[in-house]
Amino acid sequence: MQNEEMISADEFCIHYNIEKSFLYSLKDSGLLEITMVEEKIFVPVHQLSQLEKLVRLYYEMDINLEGIETITYLLQRMNEMQQQIIHLRNQLSIYENE
Amino acid sequence: MEFIDYYQILGIDNKATEEDIKKAYRKLARKFHPDLNPNDKQAHQKFQQINEANEVLSDPEKRKKYDLYGKDWQHAEQFEQQKQQRQSQHSGRQQFYGESEHDFSDFFESMFGGSARSRQTKFKGQDYNAELKLSLTEAMETHQQTLTVNGKNIRITIPAGIENGQVIKLKSYGAPGINGGPAGDLYITFSITGHPHFKRSGNDLYTTTSIDLYTAVLGGETTIDTLKGKVKLKVNPGTQNGTKIRLKGKGFPVYKKDGEFGDLYITYHVIVPTNLNDKQKELFFELSKLK
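Line order of the protein sequences matches chains A and B. Here the first sequence stands for residues -4 to 93, where the numbers follow our numbering. Here the second sequence stands for residues 136 to 426, where the numbers follow our numbering.
No lab work stands behind these hints: they were computed from the structure. For each residue, glycine too, the CB sits at the ideal point set by N, CA and C. Keep in mind that a hint or two might mislead.
Computed Cβ-Cβ distance ranges for the label pairs, DEER-style [unchecked claim]:
| no. | chain 1 | residue 1 | chain 2 | residue 2 | range |
| --- | --- | --- | --- | --- | --- |
| 1 | B | T402 | A | G25 | 42 to 50 angstroms |
| 2 | A | M73 | B | G146 | 20 to 28 angstroms |
| 3 | A | G25 | B | Q375 | 50 to 58 angstroms |
| 4 | A | K15 | B | S270 | 48 to 56 angstroms |
| 5 | B | T281 | A | L83 | 28 to 36 angstroms |
| 6 | A | L83 | B | A178 | 19 to 27 angstroms |
| 7 | B | G329 | A | E0 | 23 to 31 angstroms |
| 8 | A | S16 | B | D202 | 35 to 43 angstroms |
| 9 | A | E33 | B | N285 | 40 to 48 angstroms |
| 10 | A | E33 | B | Q177 | 46 to 54 angstroms |
| 11 | A | E14 | B | T281 | 42 to 50 angstroms |
Listed below are the simulated BS3-like cross-link pairs for lysine-lysine, each with C-alpha atoms no more than 27 angstroms apart in a straight line [said to hold, decoys possible]:
| no. | chain 1 | residue 1 | chain 2 | residue 2 |
| --- | --- | --- | --- | --- |
| 12 | B | K304 | A | K22 |
| 13 | B | K176 | B | K304 |
| 14 | B | K199 | B | K162 |
| 15 | A | K22 | B | K306 |
| 16 | B | K379 | B | K334 |
| 17 | B | K268 | A | K22 |
| 18 | B | K150 | B | K197 |
| 19 | B | K268 | B | K306 |
| 20 | A | K15 | B | K181 |
| 21 | B | K158 | B | K181 |
| 22 | B | K363 | B | K379 |
| 23 | B | K181 | B | K166 |
Whenever a hint applies, use it, and build me the whole structure from the sequences.
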């Protein structure tokens, strides 16, 4: 079994000065994975950078949850498309170098 | 060093209220924020300008100084001295933009010095970008390399199968954070140089091998070089020029999938003999009569 590092939601919220309800809303929108251990909420470490980004979008750029959902989806698509471009460019270079 | 029109950067006029500035800043930040424009250097630069403009215009003290001396920034020093005499203080705003690179222009530094950084706001350190060149043979083996980024040696493991143009992020290997903020990240872009004999497409490799006419006609064996050593191949009788065969699992390793490989495609190039001697010519004539 693999152990995953977790960060306490309380600690995160204190550090970033945000309300815990925000994390619940992210969880309900499917944007964040949280784990309950003995009635305490934890966030997996691998989600931390994504969570920090969501905090910035919400608190600093004043983007509401619906907007964040859309942005997350579009960024994901953009990333996939960028990977595809890299792949296609590499394929094209085969023919260009011939 | 040129004067920077912060009002123009935010698209407002010099009578703009605090609310106007905030609105203009937020609108532009939503467009150019690094979170929303990953790997876009132009957007990062634009965001730095917007951030700098906001830093000045949203702070009444700085705005006053900018309005007074903006175009004549060389005299700002005088203003600074007067300000120190007044011993005025202002409280810092608590906004921060974690992913941004908080480098200020020379104009800003000259006018406001390092004052912007003295605020106790936490900033994420600057992200670094580096390019690493690998040969095709290097890219097919998981190996370690030591990079020197800003005088710091970083040892990284490069997984086999990495693709040309692929970017990997090393969290917290960028510049240190400011005021206790997190360190920036290091983005490494891999540039894989071409190989004289092999072309790569995804996980598949392509190569060409020459066989003589006799082997092509009668069949036989040929030995080819793969990136992992020599392989003996059986050539079928009647093999045409340009025939392509596939060696399953002899291609490039699949990224982060141990033991999985793409295929190797070999195209046969049949060499037609030249400079035939009389005897050979005679035999070919005889052969041609038989067809």
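Now for the hints, and whether the structure bears them out:
no.	hint	verdict
1	B:T402 to A:G25: 42 to 50 angstroms	48 angstroms, holds
2	A:M73 to B:G146: 20 to 28 angstroms	26 angstroms, holds
3	A:G25 to B:Q375: 50 to 58 angstroms	55 angstroms, holds
4	A:K15 to B:S270: 48 to 56 angstroms	51 angstroms, holds
5	B:T281 to A:L83: 28 to 36 angstroms	32 angstroms, holds
6	A:L83 to B:A178: 19 to 27 angstroms	23 angstroms, holds
7	B:G329 to A:E0: 23 to 31 angstroms	41 angstroms, violated
8	A:S16 to B:D202: 35 to 43 angstroms	41 angstroms, holds
9	A:E33 to B:N285: 40 to 48 angstroms	44 angstroms, holds
10	A:E33 to B:Q177: 46 to 54 angstroms	49 angstroms, holds
11	A:E14 to B:T281: 42 to 50 angstroms	44 angstroms, holds
12	B:K304 to A:K22	26 angstroms, holds
13	B:K176 to B:K304	16 angstroms, holds
14	B:K199 to B:K162	23 angstroms, holds
15	A:K22 to B:K306	24 angstroms, holds
16	B:K379 to B:K334	14 angstroms, holds
17	B:K268 to A:K22	41 angstroms, violated
18	B:K150 to B:K197	15 angstroms, holds
19	B:K268 to B:K306	21 angstroms, holds
20	A:K15 to B:K181	33 angstroms, violated
21	B:K158 to B:K181	17 angstroms, holds
22	B:K363 to B:K379	20 angstroms, holds
23	B:K181 to B:K166	10 angstroms, holds
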